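Student: Numbered per the working numbering, the sequence shown spans residues 1 to 41.
Hints are not guaranteed to be accurate.
For each label pair, taking beta carbons as the anchor points, the in silico distance ranges come out as [claimed, not checked]:
(1) P18 with G40: 15 to 21 angstroms
(2) L4 with A41: 29 to 35 angstroms
(3) P38 with L4: 31 to 37 angstroms
(4) L4 with G40: 17 to 23 angstroms
(5) D11 with A36: 32 to 38 angstroms
These are computed hints drawn from the structure, not numbers from a lab.
Predicted model only: the values in this text are computed from it and were never measured.
All residues carry an ideal CB built from backbone N, CA and C; glycine is no exception.
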Amino acid sequence: MSTLGVVPVRDSKVPAGPAFAVSAAAFTVFVDSVKARPAGA
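Please model the complete structure; the sequences and the hints are all you need to start from.
Tutor: Pasting the structure below:
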């Protein structure tokens with residue numbers, strides 16, 4: 001998923017578009033917060 005602690009993020013609707021990089025730690029916090037939200041929230 002990550003290389004050297006960096007996770008590239010891009011818009012899935014524009015696969016050839018640019019990506020920005022976030023730290024693996026920040027991405028983990030983001031994913032955990034999404035998982036913690038109630039469905040449909």
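Student: May I ask which of the numbered hints given earlier this structure violates, with the numbers listed in increasing order?
Tutor: Hints 1, 4, 5 not satisfied by this model.
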